[in-house]
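Enquirer: If you want the building blocks of each chain, they are given just below.
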Amino acid sequence: MTVDPGIPEEMQSGGRTPDDAAAPGATVVDEPEVALQVARMRTENARLRGELRRSQAQMQRAQRDLERFQKSTSYVVGSMLVAAAKSPRRLLLLPRDLWRVWRLRKARRRQRLTTPAAPSRASRQELLDFEAARLLLPRVSARVDRPFAVAGALSDATAAAWAPYAAVTRLMPHSAAELVRDVDPDVVVIESAAGRPGEDWAHLGNPAAVDREAAALALIDAARERGRPVVLVRNTAPGHTVFLRDIAARCDLVVDGPGSRVSDHVWHVGTDLAAWHVDGARSSVDDCAAVLAGPGPLSAAGALAPLGARPADRALAKALSQALAERGLTVDSPRPGHPGRDTLRHVLAHARVGIAQPLSAPRGIVGADPRTLGLLAAGLPIVTGPDDDLVDLLGEAREMAYVAATPDDAAAALTGALERSNADVSPPPELLRNLVLHDAVPVRLGFLTGQLGLPVRPEAVWDVTAVFDSLDVDAILAQRWRPREVLTESATDLQREALKDASISLVTIPDLTALSDDDIAQAATSPFVAIGVRAEDPQGVLDLLGATVTGSQIDSGPARMRARA
Amino acid sequence: MSRDLRAIVYGDVNLNILDGSAIWVQSMAEALSRCGVQTRVLLKAPIETPRLVDPLRSMPHVTVVDPFTEGRTESEPLSVPRAVNLLTTLDREERADLIVVRGLRFVAGAARNEALAGRLWTYLTDIPQSPAGYTAEVRDQLASIASASRLMLCQTEDLRCLLESMVPEACGKSVLWSPVVPAAEFDLPDRGSLADPARPVRLVYTGKFAPRWNTLEMTRLPALLAARGIEARLDMIGDKIHEVPDDPEWSSAMRAALESSPGVVWHGGMPRQDAMRLTADADFGLSWRDPVMDASLELSTKVLEFGALGVPALLNRTPMHEELFGADYPFFVADEDDIVDAVALAVADPRTVGAARERGQQAAEPYSMAASTARMAALLERAFPEQPAAIAQRRRELGRPPRVLVASHDLKFFTRILDYLKDMPGVQVRLDEWPDLTSHDDEASQELLDWADIVICEWAGPNLVWYSRHKRQGQRLIVRLHRFELDAGWLADVEIDAVDQVVCVSPHYAQLTAERTGWPADKIVVIPNWVDVEQFQRPKLGDVEFTLGMIGISPHRKRPDLGLEVLSLLRRRDRRYRLAVKSKLPWDYWWIWRNPQERSATEEVMERLRTDPTVQDAVSFDGFGGDVPGWLRRVGWVLSTSDDESFHLAPAEGMASGAIPALLPWPGADTIYDPRWIHADPAAMAEAIHRTVSSGNWGVEAALANAQVQASFPLDAVCREWSRILVEDLSPDTARGTLARNPD
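Here the protein sequences come in this chain order: R and H. Read the first sequence against the numbering used here and you will find it ends at 560, with the numbers running on by one and no gaps. Read the second sequence against the numbering used here and you will find it ends at 796, with the numbers running on by one and no gaps.
None of these hints come from the bench; they were simulated from the model. Among the hints, a few may not be true.
Unchecked claim - In silico SDA-like links for lysine to any residue, alpha-carbon gap of 20 angstroms or less:
#  : chain 1 : residue 1 : chain 2 : residue 2
1  : H       : Lys592    : R       : Gly193
2  : R       : Lys313    : H       : Asp380
3  : H       : Lys636    : R       : Ser170
4  : H       : Lys260    : H       : Arg324
5  : R       : Lys313    : H       : Thr404
6  : H       : Lys292    : H       : Leu104
7  : H       : Lys464    : H       : Gly675
8  : H       : Lys354    : H       : Lys523
9  : H       : Lys354    : H       : Lys464
10 : H       : Lys523    : H       : Asp493
11 : H       : Lys592    : H       : Glu350
12 : H       : Lys523    : H       : Asp494
13 : H       : Lys474    : H       : Glu485
14 : H       : Lys354    : H       : Ile69
15 : H       : Lys592    : H       : Leu756
16 : H       : Lys523    : H       : Ala550
17 : R       : Lys313    : H       : Phe120
18 : R       : Lys313    : H       : Ser313
19 : H       : Lys636    : H       : Asp695
20 : H       : Lys464    : H       : Arg535
21 : H       : Lys464    : H       : Asp640
22 : H       : Lys354    : H       : Leu240
23 : R       : Lys313    : H       : Ala379
24 : R       : Lys313    : H       : Leu397
This structure is a prediction, so every number in the text was calculated from the model and none was measured.
Full structure from sequences and hints, please.
Expert: Printed below as a string of structure tokens:
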């Protein structure tokens, strides 16, 4: 047994019990030691992350102080006097420079006077004692173990979709600013969909609910105090988000999601693929079309367009309703008052086709709603109107979407989808790959943190340790879902370096092939462990991951994936 | 109005330029004129064109004051100080009852003039239209304006809500004064069916030509429709083509498009009635704009004009437009494709046009001159109440106006009645404001008592003890008793023989008062609390039937825990139910928070909020303030779960707002509210709420509740009772039965 000087001695020997005996074959690095190392690394990782966060905040505060000082009139005037003393030319220019400083100072003062007062309940806060604050504020998110912490004004659907992958704290308008100081998340998100009626921030963005906007502005101020970035996700209609312009102006990043106007930052909150998984085969006896109700109430019984639908969608919805009725198909949708996976799965298990909501995304409007992607993830062929984003996403799996460009096409599109439908609850492999790579929640969150330049990786919840008998670095680097860690029996320095360059850590375990899957899983540090993958198949890790996180059935031969507790 | 009223109108606008603000002056003067108010309109600039001034001069009761030809001033146009100065001069010459003013800079100046304070009717559109614009400086300025104003006239409901939320002084005095649509001086034409292939579909646009108005894009519509096989013609009326500094080519491109686009007929500028006549011939009116314009809180008069002329408008979907036309209005559009789709849909199914036309006409109706005149008449009636006959009789007997003294340490429940008494002609009102419940200036009180004919003690506190012991023979003494006084010891010291009438707010408390004090029952009468129904009648926001509201949850006898229980029971059935709380919290009141029982009860409520998944994240605390009418727009149910109340105004305010009240049976609740709204316990309340919502009956029940509150305790009726009691005793029968009335 090797001795690690970084681990207390009692943990290396005295703390062991007979049950901690080394795994067969693990002669160089025995299993308990790996576990200890892992534990130590995790602790260290958490400590470093915390320290980094604190350091960054300190640095930002120091930078701000420095900037403030450098901008201060005393500093500027002092610098000028020093420069004038050193240079006769600067001395000549001193009166002009001082006059400029005076003007700038005056302008700054004026600006300060006209800068909006933080519309917070300041007077009330002054009166709050600690006990009262303790009573008002809810407890922080339960998933503190997640690599990424987000807090914000979130819709029910988004909070539910993100919860399995991140430490999510839903903020309420009355306590948002106070709570964000306590939670200190990596990112604060304000989602315009959270302002829909019935949501936590109901009526945010409605000019009649000024208090909501004031609460959002106070939240932004509080996040800034902590040095946390704020993202505005606009995923409601432009007529709604236009009232969020003052909020947008204060956010670090504004992204546009489904329903909003196309901009330079198109993004959606992602689909929780696991939520759309249906256990077992789909019932073939029910003649039912699944429709995932849109943001508003449906306009009439059986109609497929929400009240706010655009003219083209209404015409299409009418034609589609007629086509469904002619085929004796009923429309089922989870009851809006009963959110949750069970009701969703019930609908998915009995549906033959899915119907996109909204039906179409017109030019200039972001499409590909996460719910429509969810229908596809459930293996349902879908009927949709024109939606360029969806078509792009589907790529080679286009046969899963039946597009009705006009009302005249509705019947044919439905027929096509019905013919394609079967009892299979898994989407075609290429579609699933695309969903995992581009539209799953961890990936979307990763994109967001990337845009913000944050040193956190939400997608780490799907990190994979891949186990290879022999090491083929090129094949590993060609994997569409690259493992973050590779376990193998031996490696050359060159191979080690190549993988390190790609941020893939390498652990060599002699006699790896002799280890059981359980032992291998213990040796790995990633949440998922891929065993038996053929390195030369670039889809190998991706397919295993996709099947695991969605519960889909795939023919993977001897390859298998273990999720680590 | 039987009373002769005098008004001065000053818009701080140049009436030579035909724009919205100039039209506003004209329509305001016309509305006042139609109400019989003697109105002087002060001009800001010398007359260059009589286009707007001549119609003003032709209105009955309206005088145009031209300070330039009358030699009142040499500066032109009027500066703000000069205009304020002139206004005060005009007022000195002949005192005005109301002074209607517009324009922030001018109004700020006028508000600083003490001589005008309290008589300003202020109309502002040039104020920040979002909360971020309300700096401390802006708030202070608007607070001073609101304090000096009798009424704040707001163009739209959203603007009113914004103002009330940002400027507490505007609460209670902000009323709607919407744009006025001129009546067509011709019969509306019969356009024939859209499905008739022999005629083109006609679109119309009137107004300025500017990028944000999408006018250049509009010129492509006939061609786009032609590509879909629909022949179309677009009439464009107007001669103002904007120069765009960032895009110097834009105006020439616009002009070229107007002159040469296929299917576009450009008519240039036209007199208003001619433009309306041409508009009325069209099948659709275009009011499609750049989305940046969607954030405006102002209402386009063009949209209303289309509606009045029976021309369906193609326009952006905004909260305001949804409110106006309904969320399911078929002609909301976002781009050219939508417009083409919408027209194609209408051609395929012309019934949609008929329905939209009706919707537009209904939407425009409240903005007609007739409706605006009625609105003005109601405002005048409220602001300048008639003198009741009994008061006039008393005045004749006294040979002078009766003198009313109101003595109280806390007037918050009496403000509107006090306003009413002050506004009533032929009555003089003075106040004896006690700094707190028990202390006052003996000498000052005595002096006021010597002056008064009638004394009203608001609250039966030590003020009543003092006045009952000091009043002289022949003086009338009236007291209003609320609730807490019954538990106080001082009532035994009241000389009840000196008291003429004891007013309670509910029959239950009248009975309790009689039982606990032993005072003669024939002196104890009931005048209910009042609800200013007009202030609360505002359009609801979306999904309100799932939102419960509680107004005031402190102290714990208001039983927020029971409200939470109702919510929990409801959310077990449907997760869309939420609870909104408008209240200070217990720790905001030192006298509540120092009580260990209160703290413990609060801890329990908050603990449940944190730990019970059925209510977690389902309750919002929306603060405290006077903006309750605006807040109630998001509430569908107002709960009253208290252990004890003398009246509990919250359910009544909810009813006035169009929400449904839901009460637990606190003692006396059934003497104020219809038993149909009173439920045995939280479970029964939750059951009733869910039954109503799930059966789709929320709207019907809410309408009934609204009708009931209007029949039971509207402000006007309550004020009339107060004017009666000044001079005559009310019947003790008022203290029996229930206050709840069903509409006739």
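Enquirer: Please go over all the hints and tell whether each is borne out by the structure.
Expert: Right, here's what the structure says about each hint:
About 14 angstroms separates the Cα atoms of Lys592/H and Gly193/R, which keeps this hinted pair within 20 angstroms; it holds. For a cut-off of 20 angstroms, the pair hint linking Lys313/R to Asp380/H stands: about 14 angstroms separates their Cα positions. At most 20 angstroms may separate the alpha-carbon atoms for a hinted pair to count; Lys636/H and Ser170/R meet this at roughly 14 angstroms. The suggested pairing of Lys260/H with Arg324/H holds, with an alpha-carbon distance near 14 angstroms, which does not exceed 20 angstroms.
Proximity of Lys313/R to Thr404/H is assessed by CA-CA distance (about 14 angstroms); at most 20 angstroms being required, the pair is judged to hold. With a C-alpha separation of about 19 angstroms, the suggested pair Lys292/H and Leu104/H falls inside the 20 angstroms cut-off, and the hint holds. Using a Cα cut-off of 20 angstroms, the hinted pair Lys464/H and Gly675/H holds, with the two alpha carbons roughly 19 angstroms apart. Distance restraint check for Lys354/H and Lys523/H: the Cα-Cα separation of roughly 62 angstroms exceeds the 20 angstroms cut-off, and the hinted pair is therefore not satisfied.
Of the pairs offered as hints, the one joining Lys354/H and Lys464/H is violated, with about 42 angstroms between alpha carbons and a cut-off of 20 angstroms exceeded. As the CA atoms of Lys523/H and Asp493/H are separated by approximately 16 angstroms, the hinted pair is consistent with the 20 angstroms bound. With a C-alpha separation of about 19 angstroms, the suggested pair Lys592/H and Glu350/H falls inside the 20 angstroms cut-off, and the hint holds. Distance hint between Lys523/H and Asp494/H is fulfilled; the C-alpha atoms sit about 13 angstroms from each other, no more than 20 angstroms.
Proposed proximity of Lys474/H and Glu485/H is supported: the alpha carbons are some 16 angstroms apart, at most 20 angstroms. Only pairs whose Cα atoms come within 20 angstroms are accepted, and Lys354/H paired with Ile69/H is accepted, the gap being roughly 18 angstroms. Proximity of Lys592/H to Leu756/H is assessed by CA-CA distance (about 16 angstroms); at most 20 angstroms being required, the pair is judged to hold. Restraint check for Lys523/H and Ala550/H: satisfied, since their Cα atoms lie roughly 7 angstroms apart, inside the 20 angstroms limit.
Note on Lys313/R and Phe120/H: the hinted pairing is violated, with a Cα-Cα distance of about 65 angstroms set against a maximum of 20 angstroms. Taken as a hint, the Lys313/R and Ser313/H pair is broken in the structure, with Cα atoms around 34 angstroms apart against an allowance of 20 angstroms. Note on Lys636/H and Asp695/H: the hinted pairing holds, with a Cα-Cα distance of about 19 angstroms set against a maximum of 20 angstroms. Simply put, Lys464/H and Arg535/H have alpha-carbon atoms about 15 angstroms apart, close enough for the 20 angstroms limit, and the pair holds.
Restraint check for Lys464/H and Asp640/H: the C-alpha separation of about 18 angstroms stays at or below 20 angstroms, so the hint holds. About 17 angstroms separates the Cα atoms of Lys354/H and Leu240/H, which keeps this hinted pair within 20 angstroms; it holds. Simply put, Lys313/R and Ala379/H have alpha-carbon atoms about 18 angstroms apart, close enough for the 20 angstroms limit, and the pair holds. Straight-line distance between C-alpha atoms of Lys313/R and Leu397/H comes to about 11 angstroms, which keeps the hinted pair within the 20 angstroms bound.
Consistency note: the structure conflicts with the earlier hints numbered 8, 9, 17, 18.
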